[in-house]
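If you read the protein sequences in the order shown, they are chains A and B.
For the first sequence, position 332 matches number 381 in this note's numbering, and the numbering has no gaps at all.
For the second sequence, position 199 matches number 233 in this note's numbering, and the numbering has no gaps at all.
These aren't lab readings, by the way, just hints derived from the structure by calculation.
Small disclaimer: the values here were computed from a predicted structure and weren't measured.
From the three backbone atoms N, C-alpha and C, an ideal C-beta is built for every residue, glycine too.
Keep in mind that a hint or two might mislead.
Calculated pairs, DMTMM-like style, for lysine to aspartate or glutamate (alpha carbon to alpha carbon, straight line, at most 20 angstroms) [claimed, not checked]: (1) A:K512 with B:E253; (2) B:K110 with A:E495; (3) A:K201 with A:D218.
Incomplete in silico selection of chain A near chain B, CB under 8 angstroms [stated by the list, open to error]: (4) D91; (5) W93; (6) R142; (7) E145; (8) F256; (9) F259; (10) E495; (11) Y503; (12) S504.
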Amino acid sequence: MRLKNLFIRTAAVLLSAAAVFLMTEPVTVTAKEEYGYTYNYDYWGDVQEGPDLYSVCKVFTSADLKLDQKLNNPQGLYAHGDLLYLCDSGNNRIIEIRRVSPEKLEVNRIIDSFNGPVEVTTFQNPTDLAVSEEGEFFIADQGNARILKLDKDLNYMMQFDKPVDNTLDPKIAFQPKKIVIDTAGRVYCVAAGINKGLVKYEADGTFSGFVGATRVSFDWTDYIWKRFATQEQRARMESFVPTEYDNAYMDYEGFIYACAGSLKPDDLRNGTVDAVRKLNLMGNDILVRNGDWDVLGDLYWGYGGGYEGPSYFTDVTVMDNDIYVCLDRNRGRLFGYDDQGRIVFCFGGNGNMDGYFRRPAAIEHIGHELYVVDSLDCALTVFVPTEFGNLVYSAIEEFDEGHYEASGEAWEEVMRLNGNYDLAYIGIGRSLLRQERYEEAMKYFELKYDEENYSKAYKQYRKIWVEEHIGWIVAVILILFLVPLGIGRVRKVKNEIDTSDYFLRKKNG
Amino acid sequence: MEGTTKAVSIPAGRDKWNHYIDSLKFALYCITHPLDGFWDLTHERRGTMAAANTILFLTILVRILKLRYTSFLFMKVYWEDLNIFLYIASILFPLALWVIGNWGLTTLFDGKGRLGQVYMATCYALTPYPLIQFPLMIFSHFVTIDEAEFYAMLSVISLIWAAFLVVAAMGQIHEYSAGKNILFTIASLFAMLVMIFILMIFFSMISQGVAYFVSLVKEILFRL
Numbered sequence: 050m051r052l053k054n055l056f057i058r059t060a061a062v063l064l065s066a067a068a069v070f071l072m073t074e075p076v077t078v079t080a081k082e083e084y085g086y087t088y089n090y091d092y093w094g095d096v097q098e099g100p101d102l103y104s105v106c107k108v109f110t111s112a113d114l115k116l117d118q119k120l121n122n123p124q125g126l127y128a129h130g131d132l133l134y135l136c137d138s139g140n141n142r143i144i145e146i147r148r149v150s151p152e153k154l155e156v157n158r159i160i161d162s163f164n165g166p167v168e169v170t171t172f173q174n175p176t177d178l179a180v181s182e183e184g185e186f187f188i189a190d191q192g193n194a195r196i197l198k199l200d201k202d203l204n205y206m207m208q209f210d211k212p213v214d215n216t217l218d219p220k221i222a223f224q225p226k227k228i229v230i231d232t233a234g235r236v237y238c239v240a241a242g243i244n245k246g247l248v249k250y251e252a253d254g255t256f257s258g259f260v261g262a263t264r265v266s267f268d269w270t271d272y273i274w275k276r277f278a279t280q281e282q283r284a285r286m287e288s289f290v291p292t293e294y295d296n297a298y299m300d301y302e303g304f305i306y307a308c309a310g311s312l313k314p315d316d317l318r319n320g321t322v323d324a325v326r327k328l329n330l331m332g333n334d335i336l337v338r339n340g341d342w343d344v345l346g347d348l349y350w351g352y353g354g355g356y357e358g359p360s361y362f363t364d365v366t367v368m369d370n371d372i373y374v375c376l377d378r379n380r381g382r383l384f385g386y387d388d389q390g391r392i393v394f395c396f397g398g399n400g401n402m403d404g405y406f407r408r409p410a411a412i413e414h415i416g417h418e419l420y421v422v423d424s425l426d427c428a429l430t431v432f433v434p435t436e437f438g439n440l441v442y443s444a445i446e447e448f449d450e451g452h453y454e455a456s457g458e459a460w461e462e463v464m465r466l467n468g469n470y471d472l473a474y475i476g477i478g479r480s481l482l483r484q485e486r487y488e489e490a491m492k493y494f495e496l497k498y499d500e501e502n503y504s505k506a507y508k509q510y511r512k513i514w515v516e517e518h519i520g521w522i523v524a525v526i527l528i529l530f531l532v533p534l535g536i537g538r539v540r541k542v543k544n545e546i547d548t549s550d551y552f553l554r555k556k557n558g
Numbered sequence: 035m036e037g038t039t040k041a042v043s044i045p046a047g048r049d050k051w052n053h054y055i056d057s058l059k060f061a062l063y064c065i066t067h068p069l070d071g072f073w074d075l076t077h078e079r080r081g082t083m084a085a086a087n088t089i090l091f092l093t094i095l096v097r098i099l100k101l102r103y104t105s106f107l108f109m110k111v112y113w114e115d116l117n118i119f120l121y122i123a124s125i126l127f128p129l130a131l132w133v134i135g136n137w138g139l140t141t142l143f144d145g146k147g148r149l150g151q152v153y154m155a156t157c158y159a160l161t162p163y164p165l166i167q168f169p170l171m172i173f174s175h176f177v178t179i180d181e182a183e184f185y186a187m188l189s190v191i192s193l194i195w196a197a198f199l200v201v202a203a204m205g206q207i208h209e210y211s212a213g214k215n216i217l218f219t220i221a222s223l224f225a226m227l228v229m230i231f232i233l234m235i236f237f238s239m240i241s242q243g244v245a246y247f248v249s250l251v252k253e254i255l256f257r258l
């Protein structure tokens, strides 16, 4: 009897949930049309609004996480398996959260001190954290000017101090902001006031140099001015120095994605500096930029809603399908780019509603879910992909796995849902290209102005066409040669006949 | 007028048509033998206004066709922003400025060409543009982006050729030496700039004048 009751109750809950789901969906669709939450840029740079790829699953505040002390200026987030580590920087602690499901996050433990033979065993403004495969913690303890390495039971192992380098001003305190670690235990650190790139430490704690300094923007008019300036004037001018990074992320292949936010708008527009870079072991930028637009977030920087200027990328995260998502602190938006540097989605905004931010600080992902920390709202927003988002991801992932037909079908469905989504057309085209259906592929590439892929398809199409019609081509060329030759010959004969004595005589009688 | 060779008497009917065709064909001679050709164009009266107009019309036509029928690899058109009249004016306006500017200057410095002749010779000099660009437009569909250089090169050749012909034609029309010709080509370009400047001042003054009266009327209506 009780079992039956339970069954009925569950069924009722499920039914009502389904009803709510069905009822609310059309409402949200109209809301989206009004606000333009998700958009993309087409070939011409026009904003093309589209269906959401992500929707807010839940926003977790201090109360939702059942914290006795409210979050204060959280700065960092790190995902390790199904555990999320949130750096509650203002309260000098780290919160370990277990992700049961996107709607259910539970606080596992609160880390605010550790055991070890050092003077200070608490944190002071911890801004970032990383966890190795073995479960060791690396913590950027900014206020104490150190990077801590703790084992999984929070016992002190070692620490990384200010790099010993004579180019660094000894008076300036070491302020590690963000850290990434590789599988060999090396630590790469973004430190405030150090613009030579990422500070690299070997696993044994020795400083081994700077990696991947940002490009220096160089203006030749400044250079000429400097030649004529006096020593004092020169000292007061801006010097050509690289900008410091804001954040870094190590992807599953071991490449570091580093983003810099405080870039001069002109340099960004001219492409002399990069908002996001993908660094290999040598520190060289290997980010692919084949999209219609540079990887720099919003294209239009005019004043609007109290915000202006280019997007300020404060964090980046890279999913396993090579899509990287950049977090814009300026307008509170998320920008997803695929491995070719094409925009997959842009969404978000500044505000107090769910899915909008006031000062987003960090982004992480588990699977396809996105977790964004807002340092002013002190909240953790969980985004889950919508049906449309999942379709786009499956189309991209199927292609990467070599299932071109399945990818093409998924892109067809994406195109059906959003006819203004350029990636869908190019995706269908690429799928057709792999299936050697060149003529159809060309049509899709032409629609979205993809010159490279169009040329690839056309080259094959042209080759096949020539091979199939080689007989005709030869025939036409032969005719083109022979006909004038023949005409000339006929004319010559005719002329000979006309002018021959025999006929002339006959004509004259 | 007092042509030394047998001046072509004003033909009628079928002859007129033949003369037109001949003068059109003469454009092909002009572009391959610029010095000789442009001399005969006016001095031997081998060219006609009708042919010049035809060439100009073809130039504009090809330029418009290119928009639609060139492969997207070479020409991507944002149709929403295209104004076909402005696009046509982008040929006609500089042409008019050139013709008037050149004639205005050369007529003061014993240039022999009259306004109509300057116009005719300039139009004849445009011949390489439709002649090359039209086949090029069709050709564009048979190349990939790797072979884009061919397209770009031929396209540039057509423009340089036409520009060279314009300069050569002016020298022959006005009976100038090479040095004087180049000097007046540059001077004509400056004359174009001056005219643009004056036109801009003119239009901005007109619009300000109109605005003045509009505001005056508004004020009066407001007070009534």
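Going through the hints against the structure:
1. As the CA atoms of A:K512 and B:E253 are separated by approximately 74 angstroms, the hinted pair breaks the 20 angstroms bound.
2. A C-alpha spacing of about 10 angstroms is found between B:K110 and A:E495, which places the hinted pair at or below 20 angstroms, so the restraint holds.
3. Among the hinted pairs, A:K201 with A:D218 is inconsistent with the structure: their alpha-carbon atoms are about 35 angstroms apart, more than 20 angstroms.
4. Look at A:D91: its Cβ only gets to about 11 angstroms from chain B, farther than 8 angstroms, so that hint breaks.
5. The beta carbon of A:W93 comes within 6 angstroms of a beta carbon in chain B, closer than 8 angstroms, and the hint placing it at the interface holds.
6. Interface restraint check: A:R142 against chain B, minimum CB-CB distance 54 angstroms, threshold 8 angstroms, status violated.
7. Proximity of A:E145 to chain B is violated relative to the hint, the smallest CB-CB distance being about 52 angstroms (cut-off 8 angstroms).
8. Against a cut-off of 8 angstroms between C-beta atoms, the interface hint on A:F256 is violated, since the closest Cβ of chain B lies about 47 angstroms away.
9. Here the hint on A:F259 is broken, as its CB sits about 39 angstroms from the closest CB of chain B, past 8 angstroms.
10. A least Cβ separation of about 6 angstroms between A:E495 and chain B falls short of the 8 angstroms threshold, and the interface hint therefore holds.
11. Among the interface hints, the one on A:Y503 holds; its C-beta lies about 7 angstroms from the nearest C-beta in chain B, closer than the 8 angstroms criterion.
12. Given hint, A:S504 at the interface with chain B, holds; its Cβ is 4 angstroms from that chain's nearest Cβ, closer than 8 angstroms.
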